[in-house]
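Asker: Each chain, written out:
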Amino acid sequence: MIRLTWRQFRGAALLTFAGLALLGIALGLTGAGLADDYADGLAAAGGNCNSPFSSCNDFIQNFAQDNQYGFLGTMLLLLLLPALIGLFWGAPLITRELESRTLWLIWNQSITRKRWLTVKLVVVGLASMLAAGAAAAIVNWWATPVDKASALDWPRMAPLLFPTRGIVVIGYAAFAFALGVTIGMLVKKTLPAMAITLLIFAAVQVAMPILVRPNLATPVTETLTYTSDNLDDVSLSGDGTIHLSAKLPETGSWILSNQTVDSAGNPAGEFITLPADIMAGPCSREKTMEECVAAVSALGYKQELVYQPIGRFWPFQWAELGIYLGLAAGLSGFCFWWVRKRIV
Amino acid sequence: MSTVLRARALGKKYKQRWALQNCNLNVPSGRVVGLVGPNGAGKSTLLNLASGMLAPTAGTIEVCGGRPAADVNQLTKVGFVAQDAPVYSGLSVRDHLDLGRHLNPAWNDEVAQDRIRRLGLDPKQRAGKLSGGQRAQLALTLGIAKQPELLILDEPVAALDPLARREFMQSLMESVAEQEMSVILSSHLVSDIERTCDYLIVLVDSRVQVAGDLDELLAAHYRLVGPRRETDTLPSDQQIISESHTDKQSTYLVRTASPIHDPSWTVSQLSLEDLVLAYMHGAATTHERPQLEVLR
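The listed protein sequences correspond, in order, to chains Y and G.
For the first sequence, counting from 1, position 250 maps to 250 in the UniProt record's numbering; every step adds exactly one.
For the second sequence, counting from 1, position 199 maps to 199 in the UniProt record's numbering; every step adds exactly one.
Derived from the structure by calculation, the hints contain no laboratory data.
There could be a bad hint or two in this list.
Stated by the list, open to error - Think about it this way: if two alpha-carbon atoms lie no more than 30 Å apart in a straight line, the pair counts; the simulated DSS-like pairs of lysine-lysine are: (1) K189(Y) x K129(G); (2) K247(Y) x K287(Y); (3) K341(Y) x K189(Y); (4) K341(Y) x K129(G); (5) K189(Y) x K248(G); (6) K13(G) x K114(Y); (7) K13(G) x K341(Y); (8) K13(G) x K189(Y); (9) K248(G) x K114(Y); (10) K248(G) x K188(Y); (11) K188(Y) x K129(G).
As the list claims (entries may be wrong) - Simulated restraints, written as ranges between beta carbons of each label pair: (12) Q269(G) x L191(Y): 49 to 59 Å; (13) F9(Y) x S131(G): 47 to 57 Å; (14) D114(G) x R115(Y): 50 to 60 Å; (15) H281(G) x R115(Y): 20 to 30 Å; (16) L211(Y) x P38(G): 48 to 58 Å; (17) G133(Y) x H188(G): 35 to 45 Å; (18) E180(G) x F9(Y): 54 to 64 Å; (19) R340(Y) x R228(G): 26 to 36 Å; (20) V212(Y) x G66(G): 20 to 30 Å; (21) L80(Y) x H188(G): 29 to 39 Å.
As the list claims (entries may be wrong) - Per the computed footprint, the stretches of chain Y lying under chain G, defined by three or more beta-carbons under 8 Å from a beta-carbon of chain G, are: (22) 110 to 120; (23) 276 to 285.
Cβ atoms here follow ideal geometry from the backbone N, Cα and C, with glycine treated the same way.
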């Protein structure tokens, strides 16, 4: 049965792993140079990279910019790969045998459906996880310096980078595969099964960072007094309102909310209306932004940040991998039950 | 005499429609059973139930003494060549034999290789490139080399041309003669089973109309032609299968265990085709017909 499964799966597997090997070669050839360039550039620039006007910062900005296509491209690949596995490996796994009626051949050999399904799920399921794991590993390695350079714009914990870094991609692939198989078994036709698999998988991937991931652990709430280090953005408008946002000392955290609170700790709204004397005084056109912010601080305004800190990256990766592997196992269990009860 | 297939009040319902209902059968082992009936009568449903591809909605079915497809042991006992003889189009003939060898403990490789040689199939040929007849033969080879107690074939020759049909039936019969194997094969054509089967099941409108030993069935059915007579004047032991009347003349097809002595009738025996057609016709005219007993 393993032989047969391999014979049926061989073409698709070879195509995929050949593609991944090409990706590996391309990233492998450029990756080492990229890491060296980054290290050399930082050493040459020296100084305080935190200052926005340092040559070090210029280098980092340019480095991120130069490599943004590779960075975004590989990110997109890792976002799509699990979906493609679900669509092209999962959904047709059983529908193809139904449509070509070979199920009637194989189910009448001296092999139980349980064993038939076990072999299929294990062989193709492991290949799915292997493909996703290999792609994630090579992209993670390649992107390490670019991740560092673009850490301000692309926090590792945030919804776009988190699912393409670390180990969660393996869980996504396992889940997408099991989902495809299950939908195929229920729908019985390849194309509708692929479409439904894509819809459900996309919905789960959108729901995860909205509904589940923020609550994997209680977010940290921190109330900051404005300093020149933690101020992220200040916009003062002529009609007498000011908008403030702050940043955290370390990069990579996922900021869930970033709002200004008044002296009582209540949300002050997006735009704070400043008293006329402050608008005419410290926040007038002649004064510096620092003086204006100091005056706003003196009124008792602070910035409240709710976030999932970067320190939770690996606990969250393991938790999310566990959730998705659990979902995949549940779907597989359903498949076993279904082939025993409801059949063709 | 042991029973190879036993059905009790067996039924299968698809959504709103019964594909098979109240089916009672006791098929003795060692026979070549022909299952005939028009398209859509429920033949495939019955055979899929027997192979365990479908689960019954009502009643029970037992094949070779067990529930179909219940475990490996049960799967070993039954071979099934499904409608249109499905094979893996991407795999070669040899791959199919490998598959059969690895997945069947009782596989007889000698038989398989020998059949492939005699059929002139190229082992390297992809199954998708085979003709319909060759594909059917390959599927049959898998079924035979598995050496089951019962081989079930669903419309095995429906898609074949007359020559391939004859070759297929011939090679099936040779294998049956070599191995001690019961066979159930379905067809919507009487001619397919005429030369090969010794047991008959007629299935029309999702119901079994008649089942029994072919010779006994033929011996117990008569065509009676004579002056016009009403149905109720016939003796009670003569079961009317079909009837037709003109102004002066009546023609009855009856089934009876006792000889017919009434001198007013011209009595003749039925051919298999007549018999099957009579039951099909009877089912079409009478909607509710009591189930017939198997004649011993």
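Asker: Does the structure break any of the earlier hints, and which numbers would those be?
Answerer: 4, 5, 9, 10, 13, 14, 15, 17, 18, 19, 20, 21 and 23
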